[in-house]
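**Student:** Given only the sequences and the hints, what does the whole structure look like? Please build it.
Residue numbers (my numbering), protein chains in the order written: chain A, 1 to 233; chain B, 1 to 290.
No lab work stands behind these hints: they were computed from the structure. In this text, a Cβ means the ideal position worked out from N, Cα and C, and glycines have one as well. A couple of the hints might just be wrong.
Unchecked claim - Just a few of them, taken from the derived set where beta-carbon distance is under 7 Å, the chain A residues facing chain B:
| hint | residue |
| --- | --- |
| 1 | 50 |
| 2 | 62 |
| 3 | 72 |
| 4 | 73 |
| 5 | 76 |
| 6 | 92 |
| 7 | 97 |
| 8 | 101 |
| 9 | 103 |
| 10 | 104 |
| 11 | 106 |
| 12 | 115 |
| 13 | 119 |
As the list claims (entries may be wrong) - Covered stretches of chain B, as calculated for chain A (at least 3 residues, CB under 8 Å):
| hint | region |
| --- | --- |
| 14 | 16-28 |
| 15 | 153-167 |
Here is how the chains run, residue by residue.
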Amino acid sequence: MSVLTVAGLSAGYGDVDILSGVDLRVEPLEIVTIAGTNGAGKSTLVKALMGLVPRVSGRLEFEGTSLLSLPAEKRLAMGISYVPQVANVFASLTVMENLEVVEGVADRRGRIATLLESFPVLRERARARAGALSGGERQQLAFARALMPEPRLLVLDEPTAALSPALVHQVLETIRELPRMKVSVLLVEQRARQALTISNRGYILDSGTVVIADTAERLLSDSRMAELYLGDH
Amino acid sequence: MGFSLFANLAFNGLITGLVVSLLALSITLVFGIARFPNAAAGDVATVGAFAGLLGPLAGGGTLWIILCGMAAGALLSVAFYFLLFRPLAGKSAVSSLIASIGMAFFVRAALTFFLGHDQRVYPLPIVRAMPVGPLRVQPTDIEIVVAAVLALAAVFSILHLTPIGKRMRAVADNAELARVSGIRANRVLVAMWLIAGLLAGLSGTLLGVKTVVSPEMGWDLLMPAFAATILGTIGNPVGAVLGGVLIGLAQELSTPFVGFTYKLGVGFLVLLVTLLIRPQGLFAKNSLVR
Ligand SMILES: Nc1ncnc2c1ncn2[C@@H]1O[C@H](COP(=O)(O)OP(=O)(O)OP(=O)(O)O)[C@@H](O)[C@H]1O
Ligand SMILES: [Mg+2]
Numbered sequence: 001m002s003v004l005t006v007a008g009l010s011a012g013y014g015d016v017d018i019l020s021g022v023d024l025r026v027e028p029l030e031i032v033t034i035a036g037t038n039g040a041g042k043s044t045l046v047k048a049l050m051g052l053v054p055r056v057s058g059r060l061e062f063e064g065t066s067l068l069s070l071p072a073e074k075r076l077a078m079g080i081s082y083v084p085q086v087a088n089v090f091a092s093l094t095v096m097e098n099l100e101v102v103e104g105v106a107d108r109r110g111r112i113a114t115l116l117e118s119f120p121v122l123r124e125r126a127r128a129r130a131g132a133l134s135g136g137e138r139q140q141l142a143f144a145r146a147l148m149p150e151p152r153l154l155v156l157d158e159p160t161a162a163l164s165p166a167l168v169h170q171v172l173e174t175i176r177e178l179p180r181m182k183v184s185v186l187l188v189e190q191r192a193r194q195a196l197t198i199s200n201r202g203y204i205l206d207s208g209t210v211v212i213a214d215t216a217e218r219l220l221s222d223s224r225m226a227e228l229y230l231g232d233h
Numbered sequence: 001m002g003f004s005l006f007a008n009l010a011f012n013g014l015i016t017g018l019v020v021s022l023l024a025l026s027i028t029l030v031f032g033i034a035r036f037p038n039a040a041a042g043d044v045a046t047v048g049a050f051a052g053l054l055g056p057l058a059g060g061g062t063l064w065i066i067l068c069g070m071a072a073g074a075l076l077s078v079a080f081y082f083l084l085f086r087p088l089a090g091k092s093a094v095s096s097l098i099a100s101i102g103m104a105f106f107v108r109a110a111l112t113f114f115l116g117h118d119q120r121v122y123p124l125p126i127v128r129a130m131p132v133g134p135l136r137v138q139p140t141d142i143e144i145v146v147a148a149v150l151a152l153a154a155v156f157s158i159l160h161l162t163p164i165g166k167r168m169r170a171v172a173d174n175a176e177l178a179r180v181s182g183i184r185a186n187r188v189l190v191a192m193w194l195i196a197g198l199l200a201g202l203s204g205t206l207l208g209v210k211t212v213v214s215p216e217m218g219w220d221l222l223m224p225a226f227a228a229t230i231l232g233t234i235g236n237p238v239g240a241v242l243g244g245v246l247i248g249l250a251q252e253l254s255t256p257f258v259g260f261t262y263k264l265g266v267g268f269l270v271l272l273v274t275l276l277i278r279p280q281g282l283f284a285k286n287s288l289v290r
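**Tutor:** As structure tokens, this is what we get:
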């Protein structure tokens, strides 16, 4: 069974549809990239998955269960977690508090200990306010917070935006490891070329619809598409 | 102004300031988490002060007055949430603000309708003020300071040390991230309105202990409390408390110059000057809300 099934999805904030007729799926332990230009609707698509867009219609299923009638705060318990594009940590809370406030974690202490082992930087900064972290540290905290409830699908919205090239590499390596931890990944990226090198498949979104869907390999080798959508990253 | 007069005014300013701080903290918590300026906070304080009159039936003494006032404030505040502010939560902040103004007038009208305009006093023993250095201190002054400081300490402990308090701060910081972290807004809001009501009720009874109980007392307290909230950066709990103490000191220390009748205007003046010169308040950096 697919982890995530999206079919004929339309969504918008007001009367205008930002997304129309989007089809997409994520199979178990896949990494799937969504690429597209600024304003294509990538963030709107992942927010619709998370229940943060006011008007959504179509089919939206997680492991065969429809998510549409579930409020945002209950989707986490289904096993789907999310790192937003901006404001992805609680800036006025400490690193530790950012992890503590997440609901639906059975063994909170044990889980925090495990995550601090995976992200050792956070252990050193445990008492610091998240707002005082560097860009790289903050991104690690955003990942750790999202991984707290041991999700089966992690949705990431441009996790490498505004990071230095060395840090981009580090974040992509972290993502590459996720399927080994039994986590499937839906990844939104502007740096599509780099993202596709760690992905199984990719979708190109333009003006709110999927214009191309293919394996990462074929997307990377199609030179016409590369020119149009992947940029020089 | 002689030192002794100055010291006594400052001491009174501290007491007034703590009473203002409690209401300002109530307002700033509501603003930080429910995101609107709650104009009904003052009248919740008034209801608390009137409920304090029942204290002697329960057991007498300042403690029972305070407990009755806090319980009434909490009940009213949580009732407002379920009847009014929860249904309005999806609408703009203006609808909640207008509703809170309407509720403030309604509560005051109901109080005067059933209980009249008369001022009342708590039946506390009248005790001669003790000299402490240059200060003349009433035993009730000490009780007010102790009650206010304990309440403030309790609220800050809740916010920083308990799971529900940390979640309240998370919702204030970033409501959308809180939702996708599985935090149920409803539980956080009930806890917040409960604390806001306890604080308002306490503020009202302490003002009643210091002065008299009247239907207008809360409305008169609202302006300095709003001024304190904005001076201390709206949404910032520490700022609200410091702002309250500053406003209280400014009010009392200005009495020799502007007279007793006009000292309430001082809060209004501070509010205007803050809005014009530094609208983000004194403590913008540590605000709960960014
Ligand atoms: N909260 C909102 N209310 C109304 N319109 C919005 C809102 N958020 C986004 N939009 C609009 O939806 C469209 C798609 O925006 P979206 O943020 O989904 O694009 P994106 O592909 O994520 O872009 P970027 O690469 O810049 O992050 C844009 O036209 C944008 O103006
Ligand atoms: Mg986006």
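**Student:** Against this structure, judge whether each hint is valid.
**Tutor:** The hints, checked one at a time:
1. 50: With a minimum Cβ separation of about 5 Å from chain B (threshold 7 Å), the hint on residue 50 of chain A holds.
2. 62: 14 Å, violated
3. 72: With a closest approach of 4 Å, the residue 72 of chain A hint holds.
4. 73: 5 Å, holds
5. 76: At 4 Å from the nearest chain B Cβ, residue 76 of chain A passes the 7 Å test, so the hint holds.
6. 92: Hint on residue 92 of chain A: holds, closest Cβ of chain B at ~5 Å, below 7 Å.
7. 97: Result: holds, 5 Å to nearest chain B Cβ.
8. 101: Check passed: Cβ of residue 101 of chain A comes within 5 Å of chain B, closer than 7 Å.
9. 103: Since the shortest Cβ distance to chain B is 3 Å, the answer is holds.
10. 104: 5 Å, holds
11. 106: It is violated, given that the least Cβ distance between residue 106 of chain A and chain B is near 13 Å, above 7 Å.
12. 115: Hint violated; residue 115 of chain A Cβ to chain B Cβ min 14 Å, cut 7 Å.
13. 119: 17 Å, violated
14. 16-28: Not satisfied, violated; 0 residues make the cut.
15. 153-167: holds (count 3)
Comparing the model with each numbered hint stated earlier shows that hints 2, 11, 12, 13 and 14 do not hold.
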